[in-house]
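Chemist: Numbering that gives the first Met the number 0 applies: residue 0 is where the sequence shown begins, and numbers increase by one.
Derived from the structure by calculation, the hints contain no laboratory data.
Even glycine gets a Cβ: it sits at the ideal position worked out from N, Cα and C.
Do not rely on the hints blindly, as some may be mistaken.
Claimed, not checked - Here are the in silico distance ranges between beta carbons for each label pair:
(1) V44 with V2: 16 to 24 Å
(2) G56 with A12: 14 to 22 Å
(3) A1 with C54: 13 to 21 Å
(4) R41 with H18: 33 to 41 Å
(5) P16 with V44: 18 to 26 Å
(6) N14 with D45: 26 to 34 Å
(7) P43 with N14: 29 to 37 Å
(8) T25 with V2: 27 to 35 Å
(9) H18 with P43: 14 to 22 Å
(10) V44 with N14: 33 to 41 Å
(11) A30 with R62: 16 to 24 Å
(12) P43 with Q20: 32 to 40 Å
(13) M0 with T25: 14 to 22 Å
(14) A52 with R19: 15 to 23 Å
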Amino acid sequence: MAVVALFTGQDVAVNDPGHRQADEATWLLLAVSVGALLVRTRWPVDVAVVTGAACAGWAALCR
């Protein structure tokens, strides 16, 4: 979880010209994804659904 948060957080924090800039929704999706990973051993299917939905939401925002 820490490695995912570190690398993904760094990616979100950098705003490249010509790309969608990180906003509150982006940070919320990152927090939800990383938060779900904290409980991955207890509820693995639920975590897969939450992180998958967050990734889909992130992809939809970047269109």
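Chemist: Are the hints correct? Go through all of them and say.
Modeler: Taking the hints in turn, this is what the structure says about them:
The beta-carbon spacing between V44 and V2, approximately 22 Å, falls within the hinted interval of 16 to 24 Å. Taking 14 to 22 Å as the suggested C-beta distance range, the pair G56 and A12 conforms, at roughly 19 Å. Separated by about 19 Å at the C-beta atoms, A1 and C54 satisfy the suggested range of 13 to 21 Å. A hinted range of 33 to 41 Å holds for the C-beta pair R41 and H18, which are about 36 Å apart.
At roughly 40 Å, the beta-carbon separation of P16 and V44 lies outside the given 18 to 26 Å, and the hint is violated. Taking 26 to 34 Å as the suggested C-beta distance range, the pair N14 and D45 conforms, at roughly 32 Å. A C-beta distance of roughly 33 Å is found between P43 and N14, which places it inside the suggested range of 29 to 37 Å. Checked against the hint of 27 to 35 Å, the C-beta distance between T25 and V2 comes to roughly 19 Å, which is inconsistent with it.
Checked against the hint of 14 to 22 Å, the pair H18 and P43 fails, with Cβ atoms roughly 33 Å apart. Take V44 and N14: their Cβ atoms lie about 34 Å apart, and the range 33 to 41 Å holds. Evaluation of the 16 to 24 Å hint for A30 and R62 yields a pass: the beta carbon distance comes to about 21 Å. Separated by about 33 Å at the C-beta atoms, P43 and Q20 satisfy the suggested range of 32 to 40 Å.
Distance hint check: the CB atoms of M0 and T25 are about 18 Å apart, consistent with the given range 14 to 22 Å. Between A52 and R19 the beta carbon distance is about 19 Å. The supplied range of 15 to 23 Å therefore holds.
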